[in-house]
Amino acid sequence: MGLAGFEVEVQRRAAGGGVVTEDMTLSMGPQHPSTHGVLRFVVRADGEVMKEAIPDIGYLHRSIEKIAEKVGWHGFIPYTDRVDYVAAMFCNHGWAMACEQLAAIAVPKRGEYCRVIADELCRLHSHLLSVGSMAMDLGAFTPFTHTIREREYLNDLFEELCGSRLTFHYMRIGGVGWDLPPGWGDKVLHFLDRFEPLIDEYDRLISFNKIYTERLVDVAVISPEDAVDYNLVGPNLRGSGIRYDVRTDDPYSVYPELEFDVPVGRGELGTLGDCFDRYIVRMREMRESCRILRQCLRQIPDGPVIAKVPRNFKPPAGDCYVRVESARGDMGWYVVSDGTAFPHRCKIRTGSFAAISIIPKVSRDLMLADLIAVIASLDLVAPEIDR
Amino acid sequence: MEAASIHARLRERFGDAVGDLTGSGRTVGATVEPARIAEVAAWLRREPALLFDCLSTLAGVDYPKRSVIQVVYVLYSYRLRHWLTLRVDAPRDDPRVPTVTGVWSAADWQEREAFDLLGVQFEGHPDLRRILMPEDWPGHPLRKDFVEPQEYHGISTSRESLLKA
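Keeping their order, the protein sequence lines are chains A and B. When the letters of the first sequence are read in order and numbered with the numbering used here, they come out as residues 1 to 387. When the letters of the second sequence are read in order and numbered with the numbering used here, they come out as residues 1 to 165.
Since the hints were made in silico from the structure, they are not lab data. Please note that the accuracy of each hint is not assured.
Unchecked claim - One side of the interface only, derived from the structure: several residues of chain A facing chain B at Cβ under 10 Å:
1) E52
2) L232
3) L237
4) R323
5) T340
6) K361
7) R364
8) D365
9) L368
Every residue gets a Cβ at the ideal spot worked out from N, C-alpha and C, and that includes glycine.
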């Protein structure tokens with residue numbers, strides 16, 4: 001939005017002499033309803049216009065990377081759930097993949113399918129919260145109740161699958177903990193049959209609603225060059241028009257066997273890379289996830305779901321770097337093994353960490369209220385930033 | 001481009017400042033002399049046949065046995081779709097590495113994290129402050145010899161088990 005009329009008026013008067021304006025420093029957070037966790041911004045504002053917004057993170061730092069060095073390879077899986085508790089499956093998956101790569105373990109086909117099914121349900125789960133809370137942050141309460149309602153069914157499905165509704169601890173090194181429960185696949189299909197038309201309903205309710213899009217279009221434009229330079233990933237990168245998805249461009253698991261599109265921002269209502277583009281990419285990704293889920297449930301082969309992995313797991317010394325496409329994009333795991341029962345180092349590079357680091361750059365000259373739109377459109381999840 | 005040919009070009013340009021090709025998969029790459037890393041990084045980003053436009057990960061790793069702190073740069077090129085990993089071995093008692101924030105903006109916060117958790121001094125970094133830990137936290141927690149303080153501002157960091165008789 002840039003300089004508002006009000007601001008221009010103040011500057012005009014100040015230039016004429018008489019009125020003196022002065023910057024104001026505000027502390028937004030750490031407890032603030034729209035920061036999605038505990039997150040603080042120090043905002044320097046001139047009236048309603050931000051000069052800069054400096055993120056202050058670390059309030060949710062639980063030293064998960066240090067814990068990894070203390071609890072051993074198998075023991076770390078429940079902790080990975082807590083890296084990003086809104087999309088815990090992907091963290092399970094990343095860690096399991098890193099361990100499997102270090103020890104050269106092949107996951108049985110059915111186990112891979114179980115993983116992808118769980119991943120894509122988790123993506124729906126996370127995107128529903130993201131788009132719902134984004135609408136709520138911008139003042140539209142009803143869409144939130146709609147998305148949360150559907151998310152609740154997903155919680156039930158997850159509970160039946162692995163006993164948890166949020167921190168799943170479903171995947172293991174070498175596969176998954178449990179096979180799909182009998183009849184569960186039909187429940188997922190039933191959910192998808194009901195859910196897919198609802199995405200159209202969300203679109204009618206909010207996506208192209210003038211009141212809503214006015215808050216997003218042309219706000220906080222991120223150019224494709226900046227998106228790559230700041231290492232934005234996932235929907236934030238694709239919102240800037242770059243068609244890159246780890247699932248298709250650096251495929252892992254059984255994604256090469258599945259057919260789906262990668263939606264990108266097109267600047268259809270305003271400038272390429274604005275808040276709306278990032279939002280609409282998530283809406284469209286939900287449809288693709290539904291497509292993937294249907295294919296998986298049709299194609300899933302019989303067989304074991306987990307490979308034989310010794311309880312006393314000691315991968316050979318070495319390091320590896322694996323990436324999974326989480327709901328917040330490419331999540332990179334750099335893991336070093338020294339051949340013992342404990343990881344030597346585990347570094348988790350998350351999507352939100354990169355996304356929040358671009359805020360000082362994009363927030364300049366935005367209205368203060370637009371910071372909420374920026375946070376929501378980047379889908380920041382505080383635990384994932386701080387780990 | 002294959003890692004081996006990228007490595008050959010690096011060797012051609014920087015000579016002995018670049019070590020042998022090691023590692024496999026995504027972490028295939030070479031060790032670089034600490035003082036030369038910023039220069040090597042800038043060249044890798046700029047060189048038309050390489051175009052490493054993305055710093056995918058910057059990780060610090062403590063190797064007390066070798067007495068080094070290794071900074072690992074995992075690089076990726078979105079345009080040319082190839083990978084390279086650079087490693088810098090900095091002495092453990094005084095790890096100093098030139099910053100690469102001028103090459104990739106993503107390095108800014110990742111270097112702050114490596115400084116915070118491992119104490120790597122990134123020389124020339126515009127704003128090298130702690131990022132995850134409190135500003136007055138003693139030491140760098142991801143170092144292998146880090147000892148957790150007994151208390152922080154009067155708050156005990158340990159608790160007796162309620163299950164003990």
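Against the structure, the hints come out as follows:
Residue-level restraint check for A/E52 is violated (minimum Cβ-Cβ distance to chain B is 13 Å; threshold 10 Å). With 10 Å as the threshold, the beta carbon of A/L232 comes within range of chain B, its nearest partner Cβ sitting at about 9 Å, so the hint holds. The beta carbon of A/L237 comes within 9 Å of a beta carbon in chain B, closer than 10 Å, and the hint placing it at the interface holds. A cut of 10 Å between beta carbons decides the hint on A/R323: the least distance to chain B is about 8 Å, and the hint holds.
This hint is violated: A/T340 has a C-beta 12 Å from the nearest C-beta of chain B, more than the 10 Å allowed. The closest approach between the C-beta of A/K361 and any C-beta of chain B is roughly 8 Å, which is under the 10 Å cut-off, so the hint is satisfied. A cut of 10 Å between beta carbons decides the hint on A/R364: the least distance to chain B is about 15 Å, and the hint is violated. A hinted interface residue such as A/D365 counts as satisfied when its beta carbon comes closer than 10 Å to some beta carbon of chain B; here the least separation is about 19 Å, so the hint is violated.
Annotation: interface hint on A/L368 violated; nearest CB of chain B at approximately 23 Å, more than 10 Å.
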